[in-house]
Amino acid sequence: MEQGKTIIEGRGLQRYYRRGSETVKAVDGIDIDIRMGEMVSVLGPSGSGKTTLVHLLSCLDGPTAGKLSVEGRQVTGLSEDQLAGVRRKTMGFIFQKFYLLPTLTVAENVELPLLFLREKPDRAATLEKLRQVGLGDRADHLPNELSGGQMQRAAIARGLVVKPRILIADEPTGNLDSENSRSIFQLFRRLVREQGISILVTTHNLSLGYLADRIITLEDGRVVKEEKGNTAE
Amino acid sequence: MQFVSMALKNLRRRPVRSILTIAGVGLAVAVAVSLAGFNLGYRNAIEKSIDRLGFQVMIMAKGCPYEAATMMLKGGTGLLYLPAETYDKVRSDPEIGSITPVFIGIAQKEGSGIRDDSGGSFAILAGIEVPSYRDMKPWLEFDAGAGFEGGRWFSPDAEDEVVMGYEAATYEQRKVGDKFLATISPQGAVQPVQKSFKITGILKRTGTQDDGTVFLPLKNAQKLFNRPNDLTILGMKMKKFSGAQLQEFESRWASLPAVQVVSLQQVKSTLVMLVGTAQTMIAAVTVIAILVALIGVINAILMSVYERTGEIGVMKAIGAFRGDIFQLIWFETLVICIVGAVSGTLVAIAGSRLVEAAIKKLINIGVQGSIVIINWEIIGGVMAGAIVVGFFAGLYPAWRAASMHPVDAIREGE
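Residue numbers (our numbering), protein chains in the order written: chain P, 1 to 233; chain R, 234 to 647.
Bound-form chain R, shown alone (with noise of 0.2 Å):
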């Protein structure tokens, strides 16, 4: 027998104090980690939904730049336009790599009769010119599972095709050949107008807002829309890509009416910093967690070794040392942080998929893919925390056992 095997038998005696202690290290370890897991999944999410977005800069109309931007990841219909002009005067700029125009439109879906999450019905239309839009994201490509066979682009004078996202066209159950209903109200229209689309193709699924859109041709959108000279935006990839060069464009592209300039890494590290706001406030609300469990831990084995007074009185009259004393409480509190820790880290790893999917319920939260990510870096992180918290709560307990006069424990114990 070892002391570790003699301190696992003395939490036994009291399972229910012992297993309880160890739900409340549990606890406040899984939320701990999950929210761990969260900080890292969600800034990874976001920094992946925005490097896929494919631009690293983008020209907008005037107004918030983390708006627009945050438009562009989860959608959303306070559209703004940009003059047309814009991309013939900006694609000349030698720094430029290469750039495409976007415009947005949102359509009201017909034909289906399902509502999305949020009650409304409608669709992002984007018209984009294919060959500059794909160099953005030559990750692109069509499904060519069942029903998704045959897929091509539109021409670019088509006005009756369309492409669509995977998410889109799975959600309006449709398949290439397959026909795409949309009404659609013309700028100065009175009355909405009706438009039938063939669809064309069905993209494979990405990970990002491209899934749910409907591509169209760039000018059959602006036509559609009656908007012949307006644009949303402008999405850039530089040549070389640093914060002087980036400023310096700003600077010279500033001087144009009604448009700003946006650094999507600007964007990133906003949002991130946002976020980061938000987990500070999580992260007290863990430490205080964290706090109630140490606590609770020091109270645990401190009853435990009242209880056991006369016990240690006889363990110190039969030979044991102060050290030797120490030592068995102090594992019994080890016990507890390490089984509490592992309990707490496998209870958020099976939880994680739980808690994301009730957060992307509750809240659209503007990013695709998971936002929960537990590595072993977070879980390794975890445990040396949670043996910390274990070395530190079981010192006063052991210290106070071990300082036990034997005569008094045994008197005390009687």
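Only chain P is shown next, with the shape it has when bound in the complex (with noise of 0.2 Å):
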């Protein structure tokens, strides 16, 4: 992979809604560069418009007005299913409930993206991914056997089965405790210094937000300023 080449590129964007008979801007007018090989942090309190950023950036909602580019491909305007194929070909999601499927084991769900790519799962490389978050043990157990920090393990291995160029986690640690919360970035940074990957994360946790390249802190939809973190561990 090419370090430091920009993945996503984002100019100029904005995303409004209506809320009755009010306008809320919840993007309004960011630029924003994720480049290769970087973990990049979005801090802000809520409702400062953080994951309408990454909901954007990642291809799961369209800007009201603005550009964005995947891998240098204009997105903007692309239908649903085009889109679709942009993300399964670039991201890995992580997002705070998990969302694992409770009627598959563990290995299942890691590779349940295989499924939509039509490509055939290789166990072997299922387990490699499960034994890199700590799961190694884990492939043929129910998400219910899990714990909370053992289940966003294992959606990050989900994450990670389809190769991404870039990994997106929306308040992945949300839902887990500190010491939990503190060993998922610790996880991430491996895998950026690791396999070389970007990440792009939210978190209302200043302390772990630092944990990355690049923080990027949002008010009102705005970038209100952009800083290097603190990446010794």
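Derived by calculation from the structure, the hints in this document are not laboratory data. Some hints could be false.
[What the hints assert, rightly or not] Once the Cα atoms are required to be at most 25 Å apart in a straight line, the calculated DMTMM-like pairs of lysine to aspartate or glutamate come out as: (1) Lys25(P) - Asp641(R); (2) Lys163(P) - Asp557(R); (3) Lys163(P) - Glu382(R); (4) Lys97(P) - Glu544(R); (5) Lys242(R) - Asp28(P); (6) Lys89(P) - Glu544(R); (7) Lys89(P) - Asp393(R).
Work from the hints to combine the two standalone chains into their complex.
Laid out in structure tokens, this is it:
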């Protein structure tokens, strides 16, 4: 992978929506670049636009105005299925609520994205991914047999199985205790260092957010601060 | 892992709901299979019973021909008689291949102390001419099992000999050589007469009304009932049996006083039509059952879709196309319908004998043999129907799930 190359580029991104008679400016004119091999934290209070910005950058939502390109390809205005095509090749996702399917084993959950890619799962590769996140011995367990931290690790393995360029994590530690939260961020750092992928993460937790290479702070849908993180672990 | 196995696993998530939905489909399918099986079985049974009468055409006293035919099929006491001279007039008709006169009388059974299901204790006595009657029914044979050996027909002039149908003999617990006691009320007599007969033979089971009949010589039957110049029916086979010839035959003999010509083909068609009318109403109930099951399936799958809104959003986020989600939900619906159809069909097959026994116990259906026939055509048809229903039932929930916007779905799931 070409370290430092821009993978996601947003220019003048806006996302407005109506709430009754009021227009909410969730994202209001943001320019942003995410480069290969860097971990970027988006910080900010509730309602500052973190999640909306992540949804725009991950092609889950379309901007009201502005331009977005992923790996140099203009994605603004693409159809839902075209955007899904962009996501499935480039991005891995992690959510606050983990969203593991309760009827599938941990290994099956990890292999789920491959089903949509019509790729035959390689169980050895799946187990390797689970080992990377510290769940090598939990492959055949059901999600309800795991702790919150373990479930989030399984979700990370699911995000990694398609070998994404960027892992997008929206409040990944929102349901975890401080110990598990720190361990998840340390895992992110290790993935960036060892695999060279990019990570875009939103969090409320300032101390965790500062473990990233770059920190972007939002307020009222705008970038109010951009600074370097403290990557010394 | 494939979409189908994932769909199967999803259905295990809410096992009670899935089982109840499958049970709804199964119930509708069981009703549909049973009805179709009853429809086919009853039609076959009617046709077989009428065919096994051995006659193509009957001449009988004027009255309702269908009532008369039903009486021939299942017995009865409302007998009408035609003049015996009709036999002499008709037998010379060149269109007739063979003809047999039958006199039927009802006697009270004595000796067994066993009463029949209807609460009465009547026996149907049929006076016949053996050669012509056997010509009509070549399948009549004597039973040769234990106690039934040495069976033979009575001689035409015998006054105290009878041959019993299989069921009549079994019911009365009689064997060849035993006595059969009957109380007969001759026409015009004030007091009934008790008569003892020797049983010369017991017939093999035929699956027709003959099984419950006691046969005796025609002349003796007429004498015992004091109706020497009466017959109940003339059964005939025509040389060539066609609608036009039958019409010609009918018009030729309709001029005889107090008799009517009845084609059993007409009787058959009318009975099947009457049954068909009743079955149309039952079919309407089946359609309602299927609609209720369909709504149940749509409701269950929609609930499942709404419960999994967040998951569907995440699946879309990690790369599922609209078609993938559609396929997944649609498979779930199809699985419910197919499993329901298979279990409903199995229930219908297992329960068919039970239903048949219950129907036969509740009503005298007038036909012998099985009245529920479930064949591969019925099973295939109902299975195909269930798949079509599943196809349509799954469309809306699947479209609903596929149309969810990933961000809205994820947000709703949180």
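Status of the hints after comparison with the structure:
| no. | hint | verdict |
| --- | --- | --- |
| 1 | Lys25(P) - Asp641(R) | holds, 17 Å |
| 2 | Lys163(P) - Asp557(R) | holds, 21 Å |
| 3 | Lys163(P) - Glu382(R) | violated, 88 Å |
| 4 | Lys97(P) - Glu544(R) | holds, 10 Å |
| 5 | Lys242(R) - Asp28(P) | violated, 43 Å |
| 6 | Lys89(P) - Glu544(R) | holds, 20 Å |
| 7 | Lys89(P) - Asp393(R) | violated, 99 Å |
When the structure is compared with the earlier hints, violations turn up for hints 3, 5 and 7 and for no others.
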